[in-house]
Amino acid sequence: MSLPKFEHVKRNHPKLADWLDQLNVYICTQLSSGAAFLLPKLAAAKLGLTDGEAFILLELLAREGILHRVYNVRCRETDTLLATVDSIDALDDIPHCDDCDSDHPSSDLRVEIAFKPVGDGLMRAA
Amino acid sequence: MTDSNAKKPTALKTSRSSGLQDQANRQIAYYIGVAEKSDKPAIQELVLRLADETHQDQRRLRRRINPFVAALLAIAVCVGSVWVCTYNAEQRSTPTEVCVSVIAFILAIALILLIALLSGVVSESVFAKLFALLPSWMRSLWPRFHDKD
Numbered sequence: 007m008s009l010p011k012f013e014h015v016k017r018n019h020p021k022l023a024d025w026l027d028q029l030n031v032y033i034c035t036q037l038s039s040g041a042a043f044l045l046p047k048l049a050a051a052k053l054g055l056t057d058g059e060a061f062i063l064l065e066l067l068a069r070e071g072i073l074h075r076v077y078n079v080r081c082r083e084t085d086t087l088l089a090t091v092d093s094i095d096a097l098d099d100i101p102h103c104d105d106c107d108s109d110h111p112s113s114d115l116r117v118e119i120a121f122k123p124v125g126d127g128l129m130r131a132a
Numbered sequence: 003m004t005d006s007n008a009k010k011p012t013a014l015k016t017s018r019s020s021g022l023q024d025q026a027n028r029q030i031a032y033y034i035g036v037a038e039k040s041d042k043p044a045i046q047e048l049v050l051r052l053a054d055e056t057h058q059d060q061r062r063l064r065r066r067i068n069p070f071v072a073a074l075l076a077i078a079v080c081v082g083s084v085w086v087c088t089y090n091a092e093q094r095s096t097p098t099e100v101c102v103s104v105i106a107f108i109l110a111i112a113l114i115l116l117i118a119l120l121s122g123v124v125s126e127s128v129f130a131k132l133f134a135l136l137p138s139w140m141r142s143l144w145p146r147f148h149d150k151d
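Chains as they are written, first to last, in my numbering: chain W, 7 to 132; chain H, 3 to 151.
There may be inaccurate statements among the hints.
Stated by the list, open to error - Covered stretches of chain W, going by a simulated chain H footprint (3 or more residues, C-beta under 8 Å):
no.: 1; stretch: 14-24
no.: 2; stretch: 52-63
no.: 3; stretch: 94-100
no.: 4; stretch: 105-118
No wet-lab data here; the hints were simulated from the structure.
Cβ atoms here follow ideal geometry from the backbone N, Cα and C, with glycine treated the same way.
Use the sequences and the hints to build the structure in full.
See the structure below:
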């Protein structure tokens, strides 16, 4: 992937260029293998960074309009993905869990911070 | 992990926002906390920079006027301007008085647009498009939007 936006981010953050390059390779690998989301925890493990460091790099790409932060809501019981929402406010509207046939209270649900590519530029590059 | 196991939304919806929002906020706070303790100066710099941008966004939001108050103000100004114009027409005012009323009406519309912008009802991009329709000398009076042309 050599998206102009990505190169722009690297130019603006030269000290992060190496990590951004590694993240770039990771993102392309994940997308080409069919993954829909990028999780900070998994990116951290792959890049040898801490969760927080991986999150902050992904967040940087989100601020630059390359990625998009989303919130996955999963049932704790079955780990079923119930919804993926774009904003914290949208967590208001989570569907009924069909697996458990229940409207779970929030304590039975797990929110997972994830990132998705914006548009299909990254997908094509991958 | 893919979207394929995502359940289709059903008609039943619940409101569990605060609990889920708390979870999401806690998770973000955890990530930022870990990143702040990073031994990599470049990452620490980035954390500070992103935090600063977030604070600026929050300050911008706080500066916005309550939409309800803005709507009341806008309605009051509009009704007042229409009343002044009607009154002038009924009183067979002089051309100067009519002219002043028309200018007041235009200023009232401009004020309504400004209130709509400040209250966040209309986005800046919409204003930028409206602004592009104005003559260039008018646009030069407001460099902020002029730059976006």
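Taking the hints in turn, this is what the structure says about them:
no., hint, in the structure
1, 14-24, "holds (count 3)"
2, 52-63, "holds (count 7)"
3, 94-100, "holds (count 6)"
4, 105-118, "holds (count 10)"
Of the numbered hints listed earlier, not one is contradicted by the structure.
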